[in-house]
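If you read the protein sequences in the order shown, they are chains A and B. For the first sequence, our numbering begins at 3 and goes up steadily by one. For the second sequence, our numbering begins at 4 and goes up steadily by one.
One or more hints might be untrue.
What the hints assert, rightly or not - Some chain A residues close to chain B (C-beta under 10 Å, calculated; not the full set):
| id | residue |
| --- | --- |
| 1 | A16 |
| 2 | D18 |
| 3 | A21 |
| 4 | V25 |
| 5 | N33 |
| 6 | D50 |
| 7 | S53 |
| 8 | V54 |
| 9 | D57 |
| 10 | T58 |
| 11 | I62 |
| 12 | M64 |
Said to hold, decoys possible - Distance condition first, Cα-Cα at most 27 Å in a straight line; then the derived DSS-like pairs of lysine-lysine:
| id | chain 1 | residue 1 | chain 2 | residue 2 |
| --- | --- | --- | --- | --- |
| 13 | A | K35 | B | K258 |
| 14 | B | K105 | B | K375 |
| 15 | B | K344 | B | K327 |
| 16 | B | K105 | B | K258 |
| 17 | B | K258 | B | K356 |
| 18 | B | K375 | B | K356 |
| 19 | B | K327 | A | K35 |
| 20 | B | K375 | B | K327 |
| 21 | B | K201 | A | K76 |
Don't read these hints as lab results, they were simulated from the structure. Here a beta-carbon is modelled for each residue, glycine too, at the ideal position from N, C-alpha and C.
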Amino acid sequence: MSNLQRLREAFRTALDLPAEAPVDDLRYQDNEKWDSLAHMSLVAALEDEFSVMIDTDDVINMSSFTEAVNILGKYGVDFNE
Amino acid sequence: MNLFHPGARVIDAVTGEALTEDMIAAAATQLATEPGGVVFLPMETTLPVVARYLAALRLGRPVLLLDPEHDNASFVERFTTTEVHPDLAVLLTTSGSTGNPKLVRLTADAVRTNAEQIAEVLGITGDEVAVTTLPLFYSFGMSVLNSHLIKGATVVLERTGIMQRDFWTAVNEHGVTSLAFVPSQYEMLRRLRFDPAKYPTVRSLTQAGGRLRTDLVSDFAQRMATVGGRLYVMYGQTEAGPRMATLPPARLEEKLGSVGQALPGGAFTIEDDEVVYRGPNVMMGYAETAADLALGDVQGGVLRTGDLGHVDDEGFLFITGRIKRMAKVFGVRINLDDVEKNFPVAAVAGDDKLAVFAVGVSDDEARGLRTKIAEWLGTHFSGVVVRSVEALPLMPNGKTDYRALESSL
Numbered sequence: 003m004s005n006l007q008r009l010r011e012a013f014r015t016a017l018d019l020p021a022e023a024p025v026d027d028l029r030y031q032d033n034e035k036w037d038s039l040a041h042m043s044l045v046a047a048l049e050d051e052f053s054v055m056i057d058t059d060d061v062i063n064m065s066s067f068t069e070a071v072n073i074l075g076k077y078g079v080d081f082n083e
Numbered sequence: 004m005n006l007f008h009p010g011a012r013v014i015d016a017v018t019g020e021a022l023t024e025d026m027i028a029a030a031a032t033q034l035a036t037e038p039g040g041v042v043f044l045p046m047e048t049t050l051p052v053v054a055r056y057l058a059a060l061r062l063g064r065p066v067l068l069l070d071p072e073h074d075n076a077s078f079v080e081r082f083t084t085t086e087v088h089p090d091l092a093v094l095l096t097t098s099g100s101t102g103n104p105k106l107v108r109l110t111a112d113a114v115r116t117n118a119e120q121i122a123e124v125l126g127i128t129g130d131e132v133a134v135t136t137l138p139l140f141y142s143f144g145m146s147v148l149n150s151h152l153i154k155g156a157t158v159v160l161e162r163t164g165i166m167q168r169d170f171w172t173a174v175n176e177h178g179v180t181s182l183a184f185v186p187s188q189y190e191m192l193r194r195l196r197f198d199p200a201k202y203p204t205v206r207s208l209t210q211a212g213g214r215l216r217t218d219l220v221s222d223f224a225q226r227m228a229t230v231g232g233r234l235y236v237m238y239g240q241t242e243a244g245p246r247m248a249t250l251p252p253a254r255l256e257e258k259l260g261s262v263g264q265a266l267p268g269g270a271f272t273i274e275d276d277e278v279v280y281r282g283p284n285v286m287m288g289y290a291e292t293a294a295d296l297a298l299g300d301v302q303g304g305v306l307r308t309g310d311l312g313h314v315d316d317e318g319f320l321f322i323t324g325r326i327k328r329m330a331k332v333f334g335v336r337i338n339l340d341d342v343e344k345n346f347p348v349a350a351v352a353g354d355d356k357l358a359v360f361a362v363g364v365s366d367d368e369a370r371g372l373r374t375k376i377a378e379w380l381g382t383h384f385s386g387v388v389v390r391s392v393e394a395l396p397l398m399p400n401g402k403t404d405y406r407a408l409e410s411s412l
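When you get a sec, could you build the whole thing from the sequences and use the hints?
Written out as structure tokens, the structure reads:
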């Protein structure tokens, strides 16, 4: 599985979305399931999935799927593979 | 009742707009044109809603604080009446969304007294600045608002939460001095590696809404101490309007695990192992039907909390459990027996989670069950844990051995 697919999967699991649900355009709180609790499980899932430790500032800046791609990029996760 | 001290300020963090006397007066004029009886108020965190809340209190109209994200038609159906007791000021919903939740009936005196009690023990003055961290229909959130407004302090209305940048920007922009959180938010703050040095005006944290594990109590007390700040552990129930006790920060380490001493004017006793609170902030009673809204005080200032506990020789209360089988999920009370009536599981309380045990279910079935139970509770699925077991452990009398289930978590 590509890193992008792994990221999509992590979003679906953390936000309790169906298997094929589109997630690339998701933004914090546009989706009613993306609240503070879901955000915490999302961050934990991303840390596990990509073996990274996400800084506090990055946790609170991760306001969309696109932002998650940018932030994980800073931690060396390559989404262009 | 007027909770809005002349020096008080309520500011919308997004628009920068401040609540004015004119806005409250306009809300009162509007209310006066509407039918009498209960004011049903979905408590969005906005200036017009706060204005309407304060206007209802001034007019002596009982106001029912509702969750704006729920369909509240059933409340309107159940509690529409003009026959209301003259002392009735605030109505709050009890636990969760299951069945037909009872309402807690509070007098203006109880609401005002509790706001004063809280302000006294927390040292709230006109210089304090609070920010909304909890929904305003939730008794803890309401009491943060009341205890600041009554002392001429500032309350910043912020609709995002601690996981979002905007929240923390507002904290620094408005010079917020205190933050109030429930246990699940402390768990989040720990994950966020909350560092009070980044928020130089924040000097006190308060905690209520369920038991916070003692290692986190110590942890946050220490974080605050490094910047000369404090953590206040508090204890409350909606039925007490809502707060009953606070643990003075200077005694926190020595009395770790205690929820503190009764607020001024209140007292705890233990009767048949149950914690009983007596104080001026106790509710008039519950309401299950519209007719109950005409009732007077049936409590006499006495609240049987349903908690088990003990009080030490200095009056510090320690809570050890619940008499009825209850769990708290994200600070909301859930009756475990109700869960078992609706789902084929054995239910126990985890740390701010509901834990259920189902016999012989597959992983997929367990996930499906978790989603269904969370939907039924109206809570986030991460508040529910489902475990598959081969068989439920039983006690010699044939009843489910809940202790064994709890210790297996």
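Item to complete: With chain B as the partner, please determine if A/I62 meets the hint condition of a C-beta pair closer than 10 Å.
Response: holds (5 Å)
Worksheet item: CA of B/K344 to CA of B/K327, is that 27 Å or under?
Response: The given pair, whose Cα atoms are some 15 Å apart, holds under the 27 Å limit.
Fill in: Interface hint compliance - A/A16 to chain B, C-beta minimum distance less than 10 Å
OK, holds: A/A16 within 10 Å of chain B, min 9 Å.
Practice prompt. Please verify that hint: A/D57, Cβ, nearest Cβ of chain B, below 10 Å or not.
Written response: Hint holds; A/D57 Cβ to chain B Cβ min 8 Å, cut 10 Å.
Worksheet item: Does the structure keep B/K258 and B/K356 at a Cα separation of 27 Å or less?
Response: Since the Cα atoms of B/K258 and B/K356 sit roughly 26 Å apart, the hinted pair holds (cutoff 27 Å).
Fill in: Residue hint A/D18, partner chain B, criterion CB-CB below 10 Å
holds (5 Å)
Worksheet item: Do the numbers back the hint for A/T58, that is, is its least Cβ distance to chain B under 10 Å?
Response: holds (5 Å)
Discussion item. Does B/K258 sit within 27 Å of B/K105, going by the straight-line distance between their CA atoms?
Written reply: violated (35 Å)
Discussion item. Does the closest beta carbon of chain B sit nearer than 10 Å to the beta carbon of A/M64?
Written reply: holds (9 Å)
Discussion item. Min Cβ distance, A/D50 to chain B: is it shorter than 10 Å?
Written reply: Result: violated, 13 Å to nearest chain B Cβ.
Discussion item. Please check whether A/V54 passes as an interface residue: C-beta within 10 Å of a C-beta belonging to chain B.
Written reply: Violated - the Cβ of A/V54 stays beyond 10 Å from chain B, reaching only about 14 Å at its closest.
Worksheet item: Taken at face value, is the distance from the CA of B/K375 to the CA of B/K105 at most 27 Å?
Response: holds (23 Å)
Violated hints for the displayed structure, listed by number in ascending order: 3, 4, 5, 6, 7, 8, 13, 16, 19.
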